[in-house]
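Asker: Work out the full structure, taking the sequences as your base and the hints as a guide.
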Amino acid sequence: MSNSQTNPSDISLSQLFSYPFRIFSVSLALFAVLAVPLWVGELTGLLHLPLGLPGFFWHQHEMLFGFLSAAIAAFLLTAVCVWTGTERTHGAPLLGLWLVWLGGRLLMGFGEGLPIWLINGGGLLFLPLVMLDAAWRIWGARQYRQVVILLVLLLLWIMQAGFLLSYNEAFSAGGLLMAMTLAGIIGGRITPAFSTGWLRQQGMAEPGISVVPVLDRMFVAAMIILLLLPLAGYQWWAGLVAVPASVLMFARLFGWKGWLVMSNPLLWILHISLLWIAVALVLLAGHQLLGWPEGAWIHAAGLGVIGSLVLGVIARVCLGHTGRALVLPRGMVLAFVAMQVATVIRVVTAFGLLDWSFGVSVSAVLWVVAYLIFLIRYTGILMRPRQA
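Quick note: the sequence shown uses my numbering, first residue 1, plus one each step.
Possibly wrong hints are sitting among the right ones.
Here are the simulated SDA-like pairs of lysine to any residue, each with C-alpha atoms no more than 20 Å apart in a straight line [as the list claims (entries may be wrong)]:
# : residue 1 : residue 2
1 : Lys257    : Gln201
2 : Lys257    : Ile186
3 : Lys257    : Ile209
4 : Lys257    : Val212
5 : Lys257    : Trp268
6 : Lys257    : Pro213
Derived from the structure by calculation, the hints contain no laboratory data.
Keep in mind it's a predicted model, so treat the numbers as computed, not measured.
Answerer: What follows is the structure, given as structure tokens:
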């Protein structure tokens, strides 16, 4: 029986505001399903949207800072309560926070003719509120280990501000690097832990999965250096730094032994999504040093890391935190595969190996399919009470 097949009378809109992961998971998936087709329509001339930003910059901003910020809120504001043992944000405060996120999306998407300070201000307000919500809990619980997450979020927000104030794509690229850094930090905590737990459940007493803290720290340091060098005008040096950063990520992944969990889609999606970090960094090095197309690393990061990891994480979080067994609803494996194929097609298209219109359209359709499956299978779960 599907996880969502319970009494229809249990469904309540208020349940969405009982925990941050509920409303923000539904919202980011719905946004993913709507924003990409709208962008393709705008790009091909089929639509003219009353955008608050120039079209290409709207696409860059919203798929990074709009989509990702909802995913950050869904995961971080849920996880930090568990880490610190504090009461979750819910009810009216959560509704207010969500309305700030939604207002930013509406201003960006339909703000043509409005003052630019209003559009930018609406877009920049959300992440600081999320950081404040997390920071007071972390500081109060003296969990200083989590401060690195807040630091990366602050850098991400600075990149957002720089992008909105200048439309300089160095800032959107920097935001993408910080998004990969955040994925590497959080993924580096949950992926080996979840994999070890599952392998022990399967009877493997010593899975041999290793986490090497020095590699984790070196990876974060390399990514921050990689962020700063292009902003200072040292693109070629950034290309050189991308190589060891990629090697560090490959080394971390090797220690997590993802090949041992390939029969469990809730685990392999995490390993493969994080593998895209290493691949994106190789493609970034190729762009800076060899002139490879910039779109290759950007879409390896955007689809392969962010789109794929977000889908994998919320698919798990929305089961575990609603008291359900960690068994994927029907169709979700197809969603995970669709996201990987979308990424490969988009990267190949960037290299000119597929017709541009065909490649962009197919990858967009696969992206929409992946998140539409999530919406169909999980919305009912998220609108019902937690199972006992």
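Asker: Does each hint hold? Answer for all of them.
Answerer: Evaluation of the provided hints:
A C-alpha spacing of about 16 Å is found between Lys257 and Gln201, which places the hinted pair at or below 20 Å, so the restraint holds. Our distance criterion of 20 Å between C-alpha atoms is met by Lys257 and Ile186, whose separation comes to about 17 Å. For the suggested pair Lys257 and Ile209, the alpha carbons sit about 6 Å apart, so the restraint of at most 20 Å is met. A hinted pair counts as satisfied when its Cα atoms are at most 20 Å apart, and Lys257 with Val212 qualifies at roughly 13 Å.
The hinted pair formed by Lys257 and Trp268 meets the criterion: a straight-line CA distance of about 10 Å does not exceed 20 Å. Under the criterion of a C-alpha separation no larger than 20 Å, the hint pairing Lys257 with Pro213 is consistent with the structure, at around 16 Å.
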